[in-house]
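For the protein sequence lines, the chains are V and G, in the order given. Counted the way UniProt numbering counts, the first sequence spans residues 1 to 324. Counted the way UniProt numbering counts, the second sequence spans residues 1 to 266.
Treat the hints as calculated values from the structure; they're not laboratory data. Ideal placement from N, C-alpha and C gives every residue a C-beta, glycine not left out. Possibly wrong hints are sitting among the right ones.
[To be verified] Okay, the calculated beta carbon distance ranges per label pair:
no.	chain 1	residue 1	chain 2	residue 2	range
1	G	57	V	211	51 to 57 Å
2	V	100	G	239	19 to 25 Å
3	G	256	V	127	57 to 63 Å
4	G	96	V	283	30 to 36 Å
5	G	150	V	88	24 to 30 Å
6	V	115	G	266	25 to 31 Å
7	V	89	G	224	50 to 56 Å
8	G	134	V	259	35 to 41 Å
9	G	63	V	59	25 to 31 Å
[To be verified] Derived pair list, reagent style DSBU-like, types lysine-lysine, alpha-carbon separation capped at 30 Å:
no.	chain 1	residue 1	chain 2	residue 2
10	V	181	G	148
11	G	259	V	231
12	G	259	G	239
[Claimed, not checked] Covered stretches of chain V (in silico footprint by chain G; criterion: 3 or more residues with CB under 8 Å from a CB of chain G, positions within the stretch not fixed):
no.	region
13	155 to 163
14	190 to 196
15	231 to 237
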Amino acid sequence: MDLFQIIKEIEKVDPEVYDRFDSRRRVFKHLTGMGKKLTAAAIPGFVGALFNKAYGQTAGPSVNDVLNLALSLEYLEYYFYDTGLNVQGLIPNADRPAIEKIRNDEGGHIKVLREALGAAAIPDPGRAAFDYSGGKGSRTGPFAPALLPGGTALYFGVAQSFVDTGVRAYKGGAPFLMSNKDILEAALNIHSVEARHSSHIRTIRRGLAAGVSGAAAATTPAGADPKLSPKSWISGTDQGGPSPNTNPSTADVYGPGTNPVPAGVPTGITFPAEDNVVQAGRTITTDSSISTAAASEAFDEPLDYVKVKAIARNFVDNKTTLFV
Amino acid sequence: MTKQIHSVPTEDQALSGLQGALPRRDFLRYTGAGLALTGLILTGCDDDDDDVDANSGEVNVGSSDIGVLNYAYALEQLEAAFYNQVVTGAAGSYFASLGANSAERQILTDLALHEKAHRDFFKNAIPATSIIKELTPDFSAIDFNVGKRTSSTAKMGVLDAAMAFEDLGVAAYNGAGRFITNPVYLTLAGKIVSVEARHAALIRDMMNYNTFVDADVVDLFTPTANSAPGVGVGTGKEKSKRPSEVVTVANQFLQAGSKLNVSGLV
């Protein structure tokens, strides 16, 4: 068996064959030396494994893919907050400092992700790439009033959907970053900040619903509609989020991920909806004798990259290459 | 389940797979070495706290994945014990004094349930052969009769302590992520840490509105004036803490004999 002859033949139809041996040169170098030691019986298995690696099922997103998806989401969020701050009277004065802080944090995350990606970073898509109406570029989607004066309540509803999608996206992306511990830690440190943002946006929404601002907004008024006045943590599926009956709907933000799980997701990781109460085979309601609501609130759920892109794609012009 | 091609175990398998010590002990029993060792093991072991170092009296969480799980279990034990004392009134009257519909009552009630769920989860999920013992907290630095501390020299109030525990928990999970090798465990830790971050942000907002992210916990980003996105100083990242830093704080809330040793997590 002349392996190199085989590869030469493959090269005629697939010029990229050498690049497909993904541990590239090193694996390939070893091969030359090892060939002498391998018995004739062992070679087919070894070659099979090598080609399986090159042409087998796609391994899922690379570290750069995950970071660029995160970067795209950060741009989506950054321009949303920045645009909102520029609309006269949209964000109440009491809440401007918080939204400025959140906008700035997103700017920091953009910086961190760009530095991690280096030349592989996607270019800044610019404000015009995004359609915050949820209309995929038509600018007439159901959330169009959110960025007009008077759209305050809807604006914060959309903000909640973005930030909760972001929290789930980082959680779903983390396992793909485990090969680089420093990048993993940076992503974890962004993930928890996004969760802090979500908590605060939800506090603002409770305050808007109750007609108060400041620390008093922490109260959930008795009998309040959880779609307008959510807790600071996700309870069940939050009844589909702030706008479950529009198209696009915010229900996907709290719903299950892609099933079966997309390529490359490590075995054992699943993407249930946020109302999940079973963790690692343990039923939390039973183990702790607590309500279904409390058991679901105690654990946030990850979302897979395919679903995240599908949600985000509603908010970009469909001619862009973002979230494809 | 038919899709398990690779060696990464499922959640169930991974957790039960960690109980590998048991069959090995059975195996040893049938070997000469086993016979010789049995006597030593039995005299050297006390069923309840074989994770406690006889010399230092510290509870060693262990290393690698099990170490991180035990470490998380230890922190969740602290939080759960704290909120339990708050809501039962066992250690003071602050919670009982809150109005029926007050924000503090609603939130502390929820937090107590969430942290109980976290503690019980680790308690049930970590294999019995590897789990650390139940820790005995020492909350003498906390005044359970007040919400906020009355002066910088006074004991922490309930909200001060809640903020300290929640912030510490977030920084601890983020700083320990790098020690996890099993992606299923990383995801599980991620499911919990964002809930802790939600707690931390809300408690901080109750203490001082708009401090949900602030310079003590997040490396705030300051954009250059009129800059394009991503240009400026800072990172907008949470400040994670390594296990050794976390334990210095956590041990202040643990009694002698329950203090943690995380030397395996480096």
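Hints versus structure:
1. Our hint of 51 to 57 Å for residue 57(G) and residue 211(V) holds, since their Cβ atoms are close to 55 Å apart.
2. Between residue 100(V) and residue 239(G) the CB atoms are about 20 Å apart, so this pair conforms to the stated range of 19 to 25 Å.
3. Taking the beta carbon of each, residue 256(G) and residue 127(V) are about 59 Å apart, inside 57 to 63 Å as hinted.
4. The hinted window of 30 to 36 Å between residue 96(G) and residue 283(V) holds, with their beta carbons roughly 32 Å apart.
5. For residue 150(G) paired with residue 88(V), a C-beta distance near 43 Å fails the hint of 24 to 30 Å.
6. The hinted window of 25 to 31 Å between residue 115(V) and residue 266(G) holds, with their beta carbons roughly 26 Å apart.
7. For residue 89(V) and residue 224(G), the Cβ-Cβ distance of about 27 Å falls outside the hinted range of 50 to 56 Å, so the restraint is violated.
8. Range check, residue 134(G) to residue 259(V): Cβ separation about 38 Å, and the 35 to 41 Å hint holds.
9. Between residue 63(G) and residue 59(V) the Cβ separation comes to about 29 Å, which falls inside the hinted range of 25 to 31 Å.
10. About 38 Å separates the Cα atoms of residue 181(V) and residue 148(G), which puts this hinted pair outside 30 Å; it is violated.
11. Note on residue 259(G) and residue 231(V): the hinted pairing is violated, with a Cα-Cα distance of about 35 Å set against a maximum of 30 Å.
12. As the CA atoms of residue 259(G) and residue 239(G) are separated by approximately 24 Å, the hinted pair is consistent with the 30 Å bound.
13. For the region 155 to 163 of chain V, the stated coverage by chain G is not satisfied: 0 residues place a CB nearer than 8 Å to a CB of that chain, which falls below the threshold of 3.
14. For the region 190 to 196 of chain V, the assignment as covered by chain G holds, since 7 residues bring a beta-carbon within under 8 Å of that chain's beta-carbons and 3 suffice.
15. Coverage of a stretch by a chain is defined here by at least three residues with a beta carbon nearer than 8 Å to that chain's beta carbons; for the region 231 to 237 of chain V and chain G the count is 3, and the condition holds.
Comparing the model with each earlier hint shows violations of hints 5, 7, 10, 11, 13; every other hint is respected.
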